[in-house]
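Enquirer: Sequence:
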Amino acid sequence: MLCAARLDPGDALLRHKTTARALYDAALRARPEGVDELLFLNTRGELCEGAYTNVFLEREDGARVTPALSSGLLPGVLRETLLEEGAFAEAVVSLADLRRAKRLWIGNALRGLMGAELLPGEVLSPL
Numbered sequence: 526m527l528c529a530a531r532l533d534p535g536d537a538l539l540r541h542k543t544t545a546r547a548l549y550d551a552a553l554r555a556r557p558e559g560v561d562e563l564l565f566l567n568t569r570g571e572l573c574e575g576a577y578t579n580v581f582l583e584r585e586d587g588a589r590v591t592p593a594l595s596s597g598l599l600p601g602v603l604r605e606t607l608l609e610e611g612a613f614a615e616a617v618v619s620l621a622d623l624r625r626a627k628r629l630w631i632g633n634a635l636r637g638l639m640g641a642e643l644l645p646g647e648v649l650s651p652l
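Remember, the working numbering sits 525 above the position in the sequence shown when you count from 1.
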């Protein structure tokens with residue numbers, strides 16, 4: 526499910542693991558029951574990341590991609606490993622790309638890569 530709040534791709538804090546997580550934490554508290562993760566777009570409408578995961582998808586053309594750092598996201602350890610292995614490539618990912626994706630995954634170094642499904646609707650963060 527998407528979060529209605531949009532990230533600023535120019536915010537340098539997005540590229541570092543910090544405790545400045547008020548937006549993510551508020552959005553997670555507001556998510557409906559049964560929703561495990563929320564995905565965030567930036568102010569340009571590009572996919573960034575999840576509240577605690579990086580996002581990976583297979584586009585309609587078969588390309589396996591993860592959002593580009595220029596979109597504003599944490600360069601996670603799992604993400605970096607999968608990029609180095611050639612399993613995924615970096616790309617700007619639009620909301621349309623996300624909605625049309627053949628496959629979707631989320632992941633981080635702790636949990637690994639997990640299949641995911643985009644649920645309809647958006648969570649309104651109280652911030």
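In short, the hints are calculated from the structure, not lab data.
For clarity, every value in this text was computed on a predicted model and none was experimentally measured.
Quick reminder that beta carbons are idealized off the backbone N, C-alpha and C, glycines included.
Please note that the accuracy of each hint is not assured.
With a straight-line cut-off of 20 Å between C-alpha atoms, the simulated EDC-like cross-links for lysine to aspartate or glutamate are [unchecked claim]: (1) 627 to 586; (2) 627 to 642; (3) 627 to 558; (4) 627 to 583; (5) 627 to 562; (6) 627 to 615.
Now the in silico label distances, taken between C-beta atoms and shown as ranges [to be verified]: (7) 559 to 614: 16 to 26 Å; (8) 629 to 558: 13 to 23 Å; (9) 585 to 550: 26 to 36 Å; (10) 561 to 606: 17 to 27 Å; (11) 557 to 620: 29 to 39 Å; (12) 585 to 547: 31 to 41 Å.
Enquirer: Please go over all the hints and tell whether each is borne out by the structure.
Expert: Evaluated hints:
| no. | hint | verdict |
| --- | --- | --- |
| 1 | 627 to 586 | holds, 9 Å |
| 2 | 627 to 642 | holds, 10 Å |
| 3 | 627 to 558 | violated, 25 Å |
| 4 | 627 to 583 | holds, 5 Å |
| 5 | 627 to 562 | holds, 19 Å |
| 6 | 627 to 615 | holds, 17 Å |
| 7 | 559 to 614: 16 to 26 Å | violated, 32 Å |
| 8 | 629 to 558: 13 to 23 Å | holds, 21 Å |
| 9 | 585 to 550: 26 to 36 Å | holds, 34 Å |
| 10 | 561 to 606: 17 to 27 Å | holds, 22 Å |
| 11 | 557 to 620: 29 to 39 Å | violated, 20 Å |
| 12 | 585 to 547: 31 to 41 Å | holds, 36 Å |
Hints 3, 7 and 11, counting from the list given before, are not met by this structure.
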